[in-house]
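Enquirer: Starting from the structure of chain W, add chain F with the ligands where the hints point.
Line by line, the protein sequences are chains W and F. Each residue of the first sequence is one higher than the one before, starting from 1172 at the first, in this note's numbering. Each residue of the second sequence is one higher than the one before, starting from 1172 at the first, in this note's numbering.
Treat the hints loosely; a few may be bogus.
Chain copies aren't distinguished; within one or between two, either way the pair holds.
[Stated by the list, open to error] Below, computed lysine-lysine pairings styled on BS3-like, alpha-carbon distance capped at 30 Å:
hint, residue 1, residue 2
1, 1465, 1335
2, 1264, 1335
3, 1219, 1385
4, 1385, 1465
5, 1264, 1385
6, 1465, 1219
7, 1465, 1264
Simulated from the structure, these hints should not be mistaken for laboratory data.
There are 2 protein chains.
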Amino acid sequence: MTATAPLFDRIAIIGIGLIGSSLARAVPAYGLARTVVCGDRSEAACAKALELGIVAEATTDLEAAVDGADLVILCTPMGSFAEMGERLAPRLKPGTILTDVGSVKQAVLRDIGPHVPDGVHLIPGHPVAGTEHSGPEAGFASLFNGRWCILTPPTGANADAVEKVAGLWRRCGSNVETMDAAHHDRVLAITSHLPHLIAYTIVGTASDLEETTKSEVIKFSAGGFRDFTRIAASDPVMWRDVFLNNREAVLETLQLFTEDLTALQRAIRWGEGDRLQELFTRTRAIRRGIIDAKQA
Amino acid sequence: MTATAPLFDRIAIIGIGLIGSSLARAVPAYGLARTVVCGDRSEAACAKALELGIVAEATTDLEAAVDGADLVILCTPMGSFAEMGERLAPRLKPGTILTDVGSVKQAVLRDIGPHVPDGVHLIPGHPVAGTEHSGPEAGFASLFNGRWCILTPPTGANADAVEKVAGLWRRCGSNVETMDAAHHDRVLAITSHLPHLIAYTIVGTASDLEETTKSEVIKFSAGGFRDFTRIAASDPVMWRDVFLNNREAVLETLQLFTEDLTALQRAIRWGEGDRLQELFTRTRAIRRGIIDAKQA
Ligand SMILES: NC(=O)c1ccc[n+]([C@@H]2O[C@H](COP(=O)([O-])OP(=O)(O)OC[C@H]3O[C@@H](n4cnc5c(N)ncnc54)[C@H](OP(=O)(O)O)[C@@H]3O)[C@@H](O)[C@H]2O)c1
Ligand SMILES: NC(=O)c1ccc[n+]([C@@H]2O[C@H](COP(=O)([O-])OP(=O)(O)OC[C@H]3O[C@@H](n4cnc5c(N)ncnc54)[C@H](OP(=O)(O)O)[C@@H]3O)[C@@H](O)[C@H]2O)c1
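One chain only, chain W, in its complex shape:
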């Protein structure tokens, strides 16, 4: 616990998976709240969270979990947000802040927005941090340290509520940026959603090959492939929901990618070495930027 006073009194985390359990662990580590409780549809996840000692209470009764919380954080897959909004938002008292960690942000306003009662503050958020592991045991308090968290408050959102959510992420060690939900979804389509889609595709292509047996693909994966398999080991339900909920931006970005890939295909076919070398040289600059920005 830090010397500073906790930011919240009682935080309710809904969905105690990788992100939810990392946040639960961050509560005592960074002095986020006096108490943290969780709601999760799975008995096993609730039991595990209690066993790990990362929450004070855990229940499969999600409505009960949010009772008396001054901050509710939705940490379930995007596809459950409409149901969560319908079930949980109406139970919140005026002054409560409702936030989430979903990877797509326009869908939050669409799915949860209509259910939020007057006086409850919906402040959508997205910590740009994660691993390929899932569940309550996969989390760790420092996951958000040195990473960015993006908030997409709707027009007219309560400034104090935005500041309180931003403060929570800053205590976790994150840099906070605020932007329009539509812009968020386009930026993340290229920096996160398309990379995952492509990694899933290439791993799928490899596992379908007949001649190259799976064992050879595994043996010789150190030549580049293994990095894709790590990304393609990410949670299937979470990623299904990301693609279904950020359809337009993903399809648009995919179109650009496909055009660029076709141009490279053509360069290889016609032996245009200069064109290949020019692109391969240009891409190094971005890597340098990422290293300089300490995001490597």
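Expert: Okay, now just chain F with the ligands, sitting in the frame of chain W:
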């Protein structure tokens, strides 16, 4: 130096970059030879190799570098192999072994094979290990440890020579596998060449975006993109040469990938969540295989 006698008397490494300098460092570390020397076209690289103390002699006169060596290892980009074969192979005395570390293997037989005098043993090899860094300072002796090295000896190759080269890689801690050059090129097209092509493409696509500024791509790269930038920071000349020299297998594999990507695109467009989830679940098995095979 290990207690066992060195495998070779004098090893000449041509091209003292990442792979060449890793091998040079491996010579004393694993008792590969009594002496290791290098030839490199660049004065600066030769000076650096001597300064680092990783070779006994270094010269820009590549013909002189191979004089008196009982093993010559070509560690330059694939595009230089025809010239290297023409200049160096005819100088080798009967009994000398000539090997390489090039990422494509049919091209070695095509480019170097015709220049190899009778009695000189051409045993092409490919250590499936590397990093995105280049040059003599980037190497380290343990690079090949726990990785695979593939040998593609031509039909009728001298069995003792094959065994000596295999022995060298085993001392470096590698597992050695022997296969047909054409098969190698198809397997590596999927496990290494296509992943690099795709990483280069997506990083290029991102750096061309107008709305998403480069600084945003860099900031929010922790969502998946940064792993692609690491791969796309690999040496441009080396990779240009890989694609030019493994054109057919790369184009064929790319075609399979594109078909699979189109199917996923369609699934996203039509909201076919089950199909997405099914693929995303299937790809996890390959990751598990890689972890079990200790190649993660
Ligand atoms: N992983 C990342 O890299 C990352 C990064 C940033 C943001 N996010 C976002 O964080 C959220 C959670 O991701 P995660 O990685 O923490 O996933 P996770 O480890 O799989 O945890 C998800 C949790 O939500 C529960 N859940 C799943 N479906 C549900 C439903 N229909 N109704 C109620 N609860 C449900 C799960 O319970 P069960 O065990 O019963 O399924 C589990 O406790 C997602 O919205 C994702 O977009 C993830
Ligand atoms: N990097 C990997 O991950 C990896 C893995 C397995 C196999 N390989 C193979 O290993 C070989 C070397 O790759 P590397 O990563 O070690 O590259 P690197 O660090 O860039 O080193 C290449 C060396 O070759 C020299 N060179 C370049 N072009 C030449 C030419 N036309 N004639 C003579 N010398 C030339 C370079 O000298 P300058 O400094 O003057 O250019 C440099 O010393 C390539 O064939 C590659 O396919 C690489």
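Enquirer: State whether the alpha carbon distance between residue 1465 and residue 1264 is at most 30 Å within one copy, between copies, both, or neither.
Expert: neither (40 Å within a copy, 52 Å between copies)
Enquirer: For the identical chains here, do residue 1264 and residue 1335 meet the 30 Å Cα criterion within one copy, between copies, both, or neither?
Expert: Classified as within; 17 Å inside a copy, 77 Å across copies.
Enquirer: Pop the pair residue 1465 and residue 1219 into one bin, within, between, both or neither, using alpha-carbon distances up to 30 Å.
Expert: Classified as between: cross-chain Cα gap 29 Å, same-chain 34 Å, threshold 30 Å.
Enquirer: Since the copies are identical, ignore which copy is meant and state whether residue 1385 and residue 1465 lie within 30 Å (CA to CA) inside a copy, between copies, both or neither.
Expert: Answer is between: at 15 Å across copies they meet the 30 Å cutoff, but 36 Å inside does not.
Enquirer: For residue 1219 and residue 1385, with the copy left unspecified, which applies at a CA distance of at most 30 Å: within, between, both, or neither?
Expert: The answer is neither: 35 Å in one copy and 42 Å across copies each exceed 30 Å.
Enquirer: Under a CA distance limit of 30 Å, which applies to residue 1465 and residue 1335: within one copy, between copies, both, or neither?
Expert: For residue 1465 and residue 1335, the Cα distance is within 30 Å only inside one copy (26 Å; across copies 44 Å).
Enquirer: With identical chains, the pair residue 1264 and residue 1385 could be close in the same copy or across copies; at 30 Å between alpha carbons, which is it: within, between, both, or neither?
Expert: neither (55 Å within a copy, 42 Å between copies)
Of the numbered hints listed earlier, those contradicted by the structure are 3, 5, 7.
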